[in-house]
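2 protein chains.
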Amino acid sequence: MMVSTAVNPEINKSARVTTTKIVLMVEYDGTRYHGFQWQAGLPTIQKELETALKKLTGDSIRVIASSRTDAGVHAKGQVVSFRTKSTLPPSKFTSGLNYYLPADIAVRAAHRADDFFRVRGGALSREYNYYILNSPTRSPLQSRFAHLLSELLDIDAMNQASQDLIGQHDFISFASGIGGSLKNTVRQVYQAGVKRDGELIIFHIEANSFLPHQVRNIVGCLIRIGLGRMSQDEFHSIIESGKPGLAGPTAPSHGLCLMRVNYPHSFEGE
Amino acid sequence: MMVSTAVNPEINKSARVTTTKIVLMVEYDGTRYHGFQWQAGLPTIQKELETALKKLTGDSIRVIASSRTDAGVHAKGQVVSFRTKSTLPPSKFTSGLNYYLPADIAVRAAHRADDFFRVRGGALSREYNYYILNSPTRSPLQSRFAHLLSELLDIDAMNQASQDLIGQHDFISFASGIGGSLKNTVRQVYQAGVKRDGELIIFHIEANSFLPHQVRNIVGCLIRIGLGRMSQDEFHSIIESGKPGLAGPTAPSHGLCLMRVNYPHSFEGE
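Same order as they appear, the protein sequences are chains S and L.
With my numbering, letter number 226 in the first sequence gets 301, and the count goes up by one each step, no holes.
With my numbering, letter number 3 in the second sequence gets 78, and the count goes up by one each step, no holes.
Please note that a few of the clues may not be correct.
Heads up, the list lumps identical chains together, so a pair's fine if it works in one copy or across two of them.
Said to hold, decoys possible - Within a straight-line C-alpha distance of at most 25 Å, the following computed SDA-like cross-link-like pairs (lysine to any residue) qualify:
no., residue 1, residue 2
1, K318, S210
2, K96, P211
3, K96, Q263
4, K122, H109
5, K167, E274
6, K258, L208
7, K96, G133
8, K130, P211
9, K167, L216
Worth flagging that the hints you see were computed from the coordinates, not collected in a lab.
Modelling step: build the complete structure from the supplied sequences, incorporating the hints.
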């Protein structure tokens, strides 16, 4: 086990262990996992990352994610940060962690971050996609990342309704599983839309942050709209209601993917 | 076990069992399988289809595929035909077989075909895609269906070289594992090209039919061209050489997908 004893003479002349903050762009197939966050005895993304970091650096390191994805939810662009005494350059965190991580989790890039960088509080927005396979039959090449729905959906109606999400709203009616623990349920939606890509229907949404189950409860409503079982007016009323539990049903987790997290400045280069 | 004793009075007045020809559009994730064709004691697509047909109809039915995909190769649009005494309408073959088939194989559509329809000999052309993930790191969301290559590929050079494939050529230099069993190694390539789609590089080729390993040996050459290790002239010489075994190396099977098989008339509707 190597412990860095490097000292930054510019800041402090007394001997102390310096740490650096590393930011990882992480992609995963969430199928096998009980979500991002550590849970005793269960496979989670956090546990796998921390196990790989331990193997790579020899240290027990706690990672923080921009978004706590639920069980079964995938990520193309999860952002994770941690502090380490290791002096490895960021590129070695990419290759080293990918060596130790299981095949369904990968570090796509690693960067050194400023000390004041906050991976959760510092994020300007999160972007999610929800994939619906709108087909009379299942598709083995797409089933892992898309929710199969055989009844024909009215994409225009879904897209039109989704525009009502844009702006600042109290989204408490779309939260579930929170048990009154959240103080502030107002969120700002920057973008929302529904489009077709072949057999897939893709719902895209960007907001400053999201309440638990918010995207999947929105999708549950949009599916009802697409099937003609809910009107845009009813959807609008749910958004404005401020009443917990009105939205849904919660769409299945495997259709959801965290696409990207945006920060005030990008992480191009190292 | 039900045996149909229906007789077509228009054709033959003597009592006999009539059969109908059914054509299936089949999609599969080939990861778990030793290719399409039946092999004793090994999981194959053919075995799964015939097992499901036995469960659905009660009869032992032999299926024929348009293309014998190799171990690990995927299909979005494999075409399979068989004869059956069953009087089930085609739509019931879709839903019934999907009920019995494993999750990584699905019937996307079923149609009744004329008696003279030949799924192999009657096909005008086959279209394949080969997917290369050109990235310094692996991608859990794409790794199942794309071959990872971290060194940067010159897509323009690959695309330009691929144009030399178009037309009629003796492709024996691209065949492998045939042991001199093929009498005719001349094939007609109708389309070929290499393009980028995000991190993916997609090689698409359409030909009347393909020799064993032909597409993967072409891709092996194109990768060498993309890395600057083979010139377009050398590639051209291999095409014109008529010498077995010159092309390659054989690219990994999991990047290959049978996209579509074309017939003189389409199978729209039932």
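Verification of the supplied hints:
1. K318 - S210: neither (34 Å within a copy, 46 Å between copies)
2. K96 - P211: Cα proximity of K96 and P211: across copies only (22 Å, versus 49 Å in one copy).
3. K96 - Q263: neither (29 Å within a copy, 57 Å between copies)
4. K122 - H109: Result: close within a single copy only, 10 Å intra versus 34 Å inter.
5. K167 - E274: Answer is between: at 21 Å across copies they meet the 25 Å cutoff, but 40 Å inside does not.
6. K258 - L208: Neither, since 36 Å and 44 Å both go past 25 Å.
7. K96 - G133: Result: close within a single copy only, 17 Å intra versus 64 Å inter.
8. K130 - P211: Classified as between; 22 Å across copies, 46 Å inside a copy.
9. K167 - L216: between (33 Å within a copy, 22 Å between copies)
This entry does not satisfy hints 1, 3 and 6, going by the numbered hints stated previously.
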